[in-house]
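Q: Sequence:
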Amino acid sequence: MKIVIAGATGKIGGAALQRLLALPAVTSVIALSRRKIDVEHPKLTVAIIEDFLHYEPGVLEQLSGSEACIWSLGTPTGGRDVHMDYTMAAVKALKSSLKNGQQFRFVYVSGALVETDQSKTLWFMGDMRRMRGEVENAVVELGKDSKQWTSFFARPSLVTEGESVMRFVSSSYIPVATLGAALVDLAVVGGEQSVLNNGELRERGKSALKAA
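The opening residue of the sequence shown carries number 1 in UniProt numbering; numbering runs sequentially from there.
For the record, the hints were derived by calculation from the structure and aren't laboratory data. One or more hints might be untrue.
Computed cross-link-like contacts, DSS-like style, restricted to lysine-lysine with a CA-CA straight-line distance of at most 25 Å [what the hints assert, rightly or not]:
| hint | residue 1 | residue 2 |
| --- | --- | --- |
| 1 | LYS147 | LYS95 |
| 2 | LYS144 | LYS99 |
| 3 | LYS144 | LYS206 |
| 4 | LYS2 | LYS99 |
| 5 | LYS206 | LYS2 |
| 6 | LYS36 | LYS92 |
| 7 | LYS2 | LYS92 |
| 8 | LYS11 | LYS43 |
| 9 | LYS92 | LYS144 |
| 10 | LYS147 | LYS206 |
| 11 | LYS11 | LYS36 |
Note that this is a predicted model, so its numbers are computed, not measured.
Using the sequences provided together with the hints, build the complete structure.
A: So, in structure tokens, the structure goes:
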């Protein structure tokens with residue numbers, strides 16, 4: 001299975017990349033990046049993207065035949081250009097590279113408390129929550145005209161390096177390796193549920209790691 005990943009130089013994307021490279025079901029990984037990645041593996045090809053708004057013909061050729069994408073680009077406080085514009089450009093590029101009849105899963109790493117209802121009044125981090133919800137809505141809308149395309153939205157909360165002391169008082173954390181496993185499982189296996197919140201991601205990631 002050929003899978004694309006964006007954001008592999010970040011904490012979450014890096015964990016997902018390690019999982020992709022370790023999983024036998026994944027035979028090829030195309031990492032979209034502005035710079036080289038300090039990882040070498042026979043499965044891994046790094047496609048250098050100078051401008052995430054435009055995909056050169058050579059990059060589109062590399063994307064051809066891919067069956068899923070894990071999109072983990074940007075930081076929680078990143079601007080609209082990164083979260084909306086880059087994501088929409090990627091969705092369009094990936095759709096254009098689909099082969100006839102080929103099913104494709106797009107796994108978008110969103111965030112906790114994201115609001116897709118753009119009419120709601122939000123008192124806490126309203127602009128960011130609303131924008132990320134707008135991105136989710138736009139991804140769904142762009143995928144509506146294709147029976148080949150399925151979108152998934154991961155909404156993690158507090159991402160930790162390992163098991164957190166917070167486990168004694170809260171369920172709002174998720175170890176980054178567990179999150180990476182959950183994202184990869186969504187890309188490889190899919191599922192009926194399109195939006196997964198923090199607890200659901202943690203359980204899915206744990207199950208995927210146990211099965212490995």
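Q: Evaluate each hint against the coordinates.
A: Structure-based check of each hint:
1. LYS147 <-> LYS95: Cα-Cα ~11 Å, so holds.
2. LYS144 <-> LYS99: Holds, at roughly 17 Å.
3. LYS144 <-> LYS206: Distance of about 31 Å is beyond 25 Å: violated.
4. LYS2 <-> LYS99: Holds. LYS2 to LYS99 sits at ~13 Å (cutoff 25 Å).
5. LYS206 <-> LYS2: 23 Å, holds
6. LYS36 <-> LYS92: Status holds; Cα separation ~24 Å.
7. LYS2 <-> LYS92: 18 Å, holds
8. LYS11 <-> LYS43: Holds - the C-alpha atoms of LYS43 and LYS11 are around 20 Å apart, at most 25 Å.
9. LYS92 <-> LYS144: This hinted pair holds, its Cα atoms lying about 12 Å apart.
10. LYS147 <-> LYS206: Roughly 30 Å separates the two Cα atoms, so the pair is violated.
11. LYS11 <-> LYS36: The hint holds at about 16 Å.
Of the numbered hints stated above, those contradicted by the structure are hints 3, 10, listed in ascending order.
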